[in-house]
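Student: Letter by letter, the chains look like this.
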Amino acid sequence: MYVAVKGGERAIDNAHAWLAEERRGDTDVAELSVAQIREQLKLAVNRVMAEGSLYDPDLAALAIKQARGDLIEAIFLIRAYRTTLPRFGHSVPVETGDMACDRRISATFKDAPGGQVLGPTFDYTHRLLDFKLAAEGDIPDAPGAAPRDAPTPHITGFLNKEGLIQTEKESDDTPADLTREPLALPADRPLRLQALTRGDEGFVLSMAYSTQRGYARNHAFVGELRIGRVPVEMEIPELGFAIEIGEIELTECETVNQFQGSKTEPPQFTRGYGLVFGQSERKAISMALVDRALRWKELGEDDMGAPAQDEEFVLYHCDNIQATGFLEHIKLPHYVDFQSELELIRKLRREAADASATSKEAAE
Amino acid sequence: MMDLRENGPETATEMTDYNFAYLDEQTKRMIRRAILKGLAIPGYQVPFASREMPMPYGWGTGGVQVSAATLTPEDTFKVIDQGADDTTNAVSIRKFFERTAGVATTEETSKASVIQTRHRIPEEPLREDQILVYQVPIPEPLRFLEPSEVETRKMHSLEEYGLMHVKLYEDISRHGAIATAYAYPVKVEGRYVMDPSPIPKFDNPKLEMAAIQLFGAGREQRIYALPPWCRVVSLDFEDYPFEASKADAPCDLCGADDSYLDEVIMDDSGTRMFVCSDTDYCASRRAAGHVGAQGAIEQEGAA
Chain A
15 MYVAVKGGER AIDNAHAWLA EERRGDTDVA ELSVAQIREQ LKLAVNRVMA
65 EGSLYDPDLA ALAIKQARGD LIEAIFLIRA YRTTLPRFGH SVPVETGDMA
115 CDRRISATFK DAPGGQVLGP TFDYTHRLLD FKLAAEGDIP DAPGAAPRDA
165 PTPHITGFLN KEGLIQTEKE SDDTPADLTR EPLALPADRP LRLQALTRGD
215 EGFVLSMAYS TQRGYARNHA FVGELRIGRV PVEMEIPELG FAIEIGEIEL
265 TECETVNQFQ GSKTEPPQFT RGYGLVFGQS ERKAISMALV DRALRWKELG
315 EDDMGAPAQD EEFVLYHCDN IQATGFLEHI KLPHYVDFQS ELELIRKLRR
365 EAADASATSK EAAE
Chain B
581 MMDLRENGPE TATEMTDYNF AYLDEQTKRM IRRAILKGLA IPGYQVPFAS
631 REMPMPYGWG TGGVQVSAAT LTPEDTFKVI DQGADDTTNA VSIRKFFERT
681 AGVATTEETS KASVIQTRHR IPEEPLREDQ ILVYQVPIPE PLRFLEPSEV
731 ETRKMHSLEE YGLMHVKLYE DISRHGAIAT AYAYPVKVEG RYVMDPSPIP
781 KFDNPKLEMA AIQLFGAGRE QRIYALPPWC RVVSLDFEDY PFEASKADAP
831 CDLCGADDSY LDEVIMDDSG TRMFVCSDTD YCASRRAAGH VGAQGAIEQE
881 GAA
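So the sequence lines, in the order shown, correspond to chains A and B.
So for the first sequence, the working numbering puts the first residue at 15; every next one is plus one.
So for the second sequence, the working numbering puts the first residue at 581; every next one is plus one.
None of these hints come from the bench; they were simulated from the model.
Treat the hints loosely; a few may be bogus.
[Claimed, not checked] Below, computed lysine to aspartate or glutamate pairings styled on DMTMM-like, alpha-carbon distance capped at 25 Å:
id, chain 1, residue 1, chain 2, residue 2
1, B, K734, A, E312
2, A, K345, B, D848
3, B, K675, A, E312
4, B, K747, A, E355
5, A, K345, B, D666
6, B, K675, A, D144
All chains, full assembly: derive it from the sequences and hints.
Tutor: Structural data, given as structure tokens:
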């Protein structure tokens with residue numbers, strides 16, 4: 015006897031209950047607090063803020079907890095929350111030249127005003143598992159120094175003094191908002207940068223890597239990488255001036271790229287730009303390389319047919335929330351489409367069999 | 581705005597903080613504008629600023645946004661996936677609107693004023709006071725012939741559909757038939773070639789109907805529409821006319837021979853039976869006393 019499958023609703027409720035239990039894990043082990051995630055899994059929190067496009071370490075930490083550490087799922091939670099928030103206005107552009115740098119390095123100059131500051135980096139650690147961490151223990155205080163008072167100037171500014179690097183066009187236009195308008199192509203640079211900064215770290219990394227391996231190679235040097243906090247200011251109409259409403263941590267990367275010149279541009283250095291929430295330097299460098307690759311048209315370079323040069327390809331596929339949703343939707347029932355395919359393939363096979371039978375008869 | 585430190589994380593899951601039908605009024609207005617434009621230019625894909633929804637892209641976010649912009653508190657809402665009200669994602673979407681809009685819901689096609697669907701058109705003819713909302717994965721009928729959106733938009737504006745006709749012709753020369761079984765392309769009012777979403781081609785003739793049909797593609801940021809009784813022609817050739825096909829069998833539960841059927845595998849040796857994919861249609865026929873080949877057994881079992 016056949017009884018149609020029922021009970022989807024109960025199955026869903028039970029699945030959610032089981033999921034909640036799995037999320038908590040063994041109750042003999044202490045539960046993670048949101049504050050612990052925020053403080054001790056800070057780079058995960060940073061990634062969720064960057065790709066979730068919402069600067070809120072507490073919410074990002076909560077999302078990571080709720081998502082059981084699945085960062086794309088956490089980013090999704092943040093995006094879905096973010097989209098419901100009202101817009102009060104927008105900040106004035108942040109001035110990264112005023113950044114209180116925790117880290118600032120340049121690969122193009124041995125030293126420069128502001129110095130090379132390694133900051134808290136994995137770069138020169140030996141990747142050996144530290145078994146001491148398996149046991150809890152206090153860490154000694156890191157040596158401190160007085161912070162630099164003066165602002166740290168941008169390295170590319172020095173190159174610009176000689177006219178060796180291409181000057182970016184200044185504009186006071188309000189950039190388009192990717193989250194409020196449908197993506198239209200061709201996209202201008204502000205829109206591309208928006209898409210890249212919230213794009214999937216893995217995707218942007220691979221695109222950048224492909225340019226290094228020769229798919230539209232653009233010879234990038236890290237002109238400067240800086241990480242630190244910048245004040246965020248907002249114009250308050252009632253006051254008539256901007257006031258500081260808080261601080262955010264940013265990673266900024268400017269690449270200096272070799273450029274032989276083209277029909278329209280003289281030989282000079284060109285730039286790629288990356289700016290990401292939090293300490294996210296892999297992402298910021300990747301973003302700068304992809305940004306540079308996407309600028310081929312503006313600089314009069316050849317279209318090499320490389321994926322990283324194809325704005326439509328990059329912008330349509332860099333968003334991991336879109337990608338993961340569409341990828342995973344194939345788990346949903348497709349019996350109706352599949353049934354129609356079944357009918358079709360049976361029909362085509364029947365016709366093929368008939369045709370070969372007829373030709374066999376004819377041969378006999 | 582939520583503050584974790586004061587309210588605790590529980591508040592984040594409370595739906596009461598959200599507007600009727602989840603989306604804010606400004607967003608709904610933006611979506612309604614896109615819907616109206618879509619109705620004014622039948623079959624044309626209107627770009628809209630799709631929002632992130634609390635369900636994944638590809639799981640009906642376009643349909644959900646269109647429904648949210650369409651629903652009023654007086655509406656009665658029905659959700660089907662593969663023709664059935666009880667498939668998991670249909671259950672999930674129905675629950676979402678029960679929570680966020682508090683609208684009445686139903687499984688009966690005739691009682692619903694707004695029906696959101698994935699992959700099917702209900703068997704029962706719809707009326708002019710009903711709206712059918714489709715979830716659309718890939719709104720572009722030319723997408724698998726030309727991957728670039730820039731190119732396909734150009735092709736639509738120039739009414740350049742040669743590529744599609746060549747594809748259909750090549751199907752015939754290779755297989756002796758047009759090898760598209762679902763998402764079968766249609767031409768709307770003699771102008772735009774449109775993807776009817778992945779409905780089986782059996783449903784294509786029903787696209788000319790009394791109800792308003794709205795198509796929402798969330799991830800691809802497109803809305804399109806068919807006003808009532810708009811002319812919708814499935815693409816074909818004079819010597820290879822379009823044919824709406826289904827499994828050549830009646831429903832084993834209700835005996836209907838005019839409904840689209842799902843094939844169900846019954847046992848390890850692969851015994852199959854066919855049942856209506858439209859669960860409401862099948863249930864109401866059985867309630868009216870229609871019995872299929874295996875339906876009688878079920879009644880005995882239930883008695």
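Student: Could you work out which earlier hints the structure fails to respect and list their numbers in ascending sequence?
Tutor: Failing hints, ascending: 3 and 6.
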